[in-house]
Amino acid sequence: MGLPSNSRAKAGLASRWAGLALFAAALAGFAGCATKPEDRNGPRAREDVAEYRQIALDAQKVVKATLQSLDRAAAHTSCPPRVFKAFTQDVQRLEVDSFKMRARAQAMRARGKAYFEQWHEHLASLKDPEVRKLAEQRHDLLQQSFSRIHLTSQQTREAFQPFLAGLRRLRNGLENDPGFASADSAKLLVRTTRDHGQRVEAGLADILEELKSVAAALKPAKLVTK
Amino acid sequence: MKSNLRKFVPPLGLGVLVSLGILSSGLLWAQIPWGYGPPPGGLTPNTPMAQRSALQTVQAQVRWFQNSTQTASNYGDGGSGLVWQQFQVLRGAYSAFKSTLFPQQLSSGANELAELDAGLDILQEAFTNYQQEVADGQSSTSAFNSMCQVLYQASGVWLQELNSGSARLRVGWQ
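Protein chains in written order, with the numbering used here: chain X, 1 to 226; chain S, 1001 to 1174.
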């Protein structure tokens, strides 16, 4: 006729505990799904180093092309319309393609140290635990690199303004007079504009080199060793 | 002994109720529309819907601005004034958009927002350059066309930055 009353009571107690334990386990599972708002809906960190590298590469490419175009335009005693048109387009492309680079450099100047503190914060929130650990271990090394990137970006930005201004003046001069660049008064302008452009080019190369060393510092050892 | 044990066994119904209470409060917190704390006071509502609306206004204003750079030459001498006016409206729309962001978005996106601010300053420099070129004797038509082409393309780059930054900052997310 079934269990004695004592056994039934024990079985009932055990099943109640088991049910509660199951429910608690399910609850823990659900609680894991219901993440806090800043985790689920919060802002995502961006890949600062990789993005800035791409922007610097794009700027480097367009600066190089513009310097070549400047040399071509200045090489003629009377600049042919085809060369002038190409030069005009290259100057315009430089203004557009360097836009992100200039905006970043200006933002770095405006935010100062806080700009790179956010880079550290983004590194600390990376998904890869190994990279996160490396970022923490090499904090001082990265800080030094970020300081150099900051400084070089400002120097590059400062050289960029007279470079662009010189190019505009040359473009305007050539538009009014195709022989403008060969005039003695314009030769100095061509030279200084080229100098500023080369300084921008060198600055971008330095930034890229520094970003490369940052990327290397964050690369886990197992990926670099054979 | 048995009766002592029974004392510590919570009634199953009460356990379920308490557990559901804990669970539902966690879920509710995750669904609070303003997400990151109480909505700050002020005239601008900080809600995801307000963010989406403000973002759409900026996006539309970039297109209006780009349109003005394409058509302004038809307005003769008043063309530059028209482009300038549209640019100022864009600045205002962007400023209104920023005021809808949550503190966490402002903090986490401080670099991106500084870059967008700088981008607008760089766009504004084009107007100064145009005035300088005209003052230096450059044909105003040529200088104006050149400025408009640069503004058209550069504002497109700025818009891309705004869109990618907004996606990263989860602007308008519930």
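Bear in mind the hints are in silico, worked out from the structure with no lab data behind them. Positions of the beta carbon are idealized from the N, C-alpha and C atoms, including for glycine. You may find that some hints are simply not true.
Listed next, the in silico DSS-like pairs over lysine-lysine satisfying Cα-Cα at most 30 Å (straight line) [stated by the list, open to error]:
| hint | chain 1 | residue 1 | chain 2 | residue 2 |
| --- | --- | --- | --- | --- |
| 1 | X | K133 | X | K212 |
| 2 | X | K212 | X | K85 |
| 3 | X | K127 | S | K1098 |
| 4 | X | K187 | X | K127 |
| 5 | S | K1098 | X | K113 |
Incomplete in silico selection of chain S near chain X, CB under 8 Å [to be verified]:
| hint | residue |
| --- | --- |
| 6 | D1077 |
| 7 | R1091 |
| 8 | E1115 |
| 9 | I1122 |
| 10 | Q1124 |
| 11 | D1136 |
| 12 | S1146 |
Do the hints match the structure? See the list:
1. Annotation: proposed proximity of K133 (chain X) to K212 (chain X) holds, straight-line Cα distance about 19 Å (limit 30 Å).
2. As the CA atoms of K212 (chain X) and K85 (chain X) are separated by approximately 36 Å, the hinted pair breaks the 30 Å bound.
3. For the proposed pair K127 (chain X) and K1098 (chain S), the alpha carbon gap of about 28 Å is at most 30 Å, so the pair holds.
4. Taking the CA atoms of K187 (chain X) and K127 (chain X), the gap is about 55 Å. The hint is violated against a cut of 30 Å.
5. For the given pair, K1098 (chain S) sits about 22 Å from K113 (chain X) by alpha-carbon distance, which is consistent with the 30 Å threshold.
6. Violation of the interface hint for D1077 (chain S) is found here, the shortest Cβ-Cβ separation to chain X being roughly 20 Å, above the 8 Å cut-off.
7. Interface hint status for R1091 (chain S): violated, as the beta-carbon distance to the closest one in chain X is roughly 15 Å, over 8 Å.
8. At a threshold of 8 Å, the smallest CB-CB gap from E1115 (chain S) to chain X is about 4 Å, leaving the interface hint in force.
9. A least Cβ separation of about 6 Å between I1122 (chain S) and chain X falls short of the 8 Å threshold, and the interface hint therefore holds.
10. The interface hint given for Q1124 (chain S) is broken, as the beta carbon of that residue sits about 12 Å from the closest beta carbon of chain X, more than 8 Å.
11. Restraint check, D1136 (chain S) versus chain X: the minimum CB separation of about 7 Å is within 8 Å; hint holds.
12. Evaluation of the S1146 (chain S) hint against chain X yields a held restraint, the C-beta minimum of about 7 Å falling below 8 Å.
In terms of the numbered hints stated before, the structure departs from hints 2, 4, 6, 7, 10, listed from lowest to highest.
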